[in-house]
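Visitor: Spelled out, the chains give:
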Amino acid sequence: MTESKRLAQDVEKVVGPPTAQRRQRQSPDQYTRYMALMSKCVVTEPSSFEEAVEDPVWVDAMVEDYDSIVRNSAWEIVPRLEGKSVVGSRWIYKVKQVADGSVEKYKARFIARGFSHIERIDYEETFAPVARYSSIQMILALSAQMGWHIHQMDVKTTFLNGVIEEEVYIEKLEGFEVFSSESHVCRLKRALYGLKQAPRAWYTRIDNYFIGLGFSKSEVDPNLYQIVVEGKLLIIVLYVDDLILTGDELLILSCKKDLAIEFEMKDLGLLHYFLGLEIWQRSGGLFVSQGKYAWEILEKFNMHGCKPVDTPLPGGWRKEDGTSGEEVDATVYRQLVGSLMYCSIWSQAMVKPTKLFWKVGKHVLRYLRGTSGYGLWYKQEDEVKLCGFTDADWAGSPTDRKSTSGGVFSIGSTTVSWYSRK
Amino acid sequence: MALSSAEAEYMAASFAACEAIWMRKILVGLFGSHLDPTVIYCDNQSCVKPSANPVFHDRSKHVDIRYHHIRDCV
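Top line first, the protein sequences correspond to chains U and R.
Residue numbers are given in the numbering used here: position 275 of the first sequence equals residue 275, and the series is strictly consecutive.
In the numbering used here, each number is its position in the second sequence, counted from 1, plus 1000.
What the hints contain is simulated information worked out from the structure, not anything from laboratory work.
Honestly, I wouldn't trust all of these hints.
Mimicking DMTMM-like on lysine to aspartate or glutamate, the simulated pairs with C-alpha atoms at most 25 Å apart in a straight line are [said to hold, decoys possible]:
(1) LYS385(U) / ASP1036(R)
(2) LYS300(U) / GLU278(U)
(3) LYS217(U) / ASP1036(R)
(4) LYS256(U) / ASP1043(R)
(5) LYS1049(R) / ASP393(U)
(6) LYS1025(R) / ASP207(U)
(7) LYS1025(R) / GLU219(U)
(8) LYS1025(R) / GLU230(U)
(9) LYS266(U) / ASP241(U)
(10) LYS217(U) / ASP207(U)
(11) LYS1025(R) / ASP393(U)
(12) LYS156(U) / GLU230(U)
(13) LYS402(U) / ASP1043(R)
(14) LYS94(U) / ASP67(U)
(15) LYS385(U) / ASP1043(R)
(16) LYS189(U) / GLU167(U)
(17) LYS1049(R) / ASP391(U)
Starting from the given sequences, assemble the full structure and let the hints guide the process.
Guide: Below is the structure:
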């Protein structure tokens, strides 16, 4: 009997007859290395004040935020009153990273726990308008047409600029207690992040400011402001804390100066990235593309290596076929639909997505892969003319026989607005 | 609910008219000048004709009043 056979017999005595081999599962080598690399790159964000106070970078960030609160004189410290509700507060921490993963900024922000507010007691109205997408497109098209440059500005600690009208009390700032006594709270004079009425307060403030400067507001879009000085035009589009300025170059410069005095602003120069749109301004026109955004979506769903297709949706696809079938992870699917904002036709499948819907979603991603370099080219032309195209699909939906109507509008040769609805 | 392709197109044209009015308001607001009429293209003659010529028709009797908005715009 050879050595190895005897050994096998010995083993059999101990563990019983041989069975099918079991493979030990372990993650591949490169994965472990990748994780080790990632854990170095990803900077952890502290979840509480106690954690953050130990790290000097976060302390600096908190001091910076505290300074801006003080600069804006956002509150006054008052004795705690009986019967007035006091909103909780906390710090939140965020690491801002640049595309390559390196840290751009450590950001700390003191926020109010606005969710404990009660309507009609702590706040009245919360609505704040934002610019419509097609009006932004239109302004882009017009400035391309007129050969104007488009500038962008950004307001720092936006909501702290909003003046608050209601009586709101908030717990003291953790780590920066001015009064040691427990009985004092802060009465807010400025809107704090997290408050329900913060966006509205901000909009009211900047709206009043623009009107005070002599701007007139467009009657159809409340975020579109314009002013005419000595026959020269300046247009401003407001998108929460982003401002787009276009028109006469000198007017833009003087307006930028005015704004910088009134608010804490960051001048971003010529517009090149706005709401996921990449904008290239060239002489003779401008090019708008969503390539980066599309690419981010593809990477998020791990589809950046996929084969591109030319059709947005697979042919012969019917929504009704997907009502039964194997279910897929609803959260991931919803993320996908949300990222694509393609929900108009898919919204019904949001609750119980099946495999078919997932396949269709992936098809859209492949289409995105093929077209991510596409964009709109707004060019300067001799004639500006608004022109519309419309069509309808009669009884297109197999379940309720509702028709779908769609339309496209263009100024000159470039599309500025499009829609499709059932 | 559209009962004929003409009605469906008619509804689509009506939506488009609303959109066009909105966009024209922006343009007029910005430049304050006279604007040439906006052309809306539609690929259905039975939709184009009743929009331009408001005569009463048996077949168009059922069309919801809101979609006749386009007659005022043309």
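Visitor: Quick one: which hint numbers does this structure break? Sort them smallest to largest.
Guide: Hint check: 4, 11, 12 fail, others pass.
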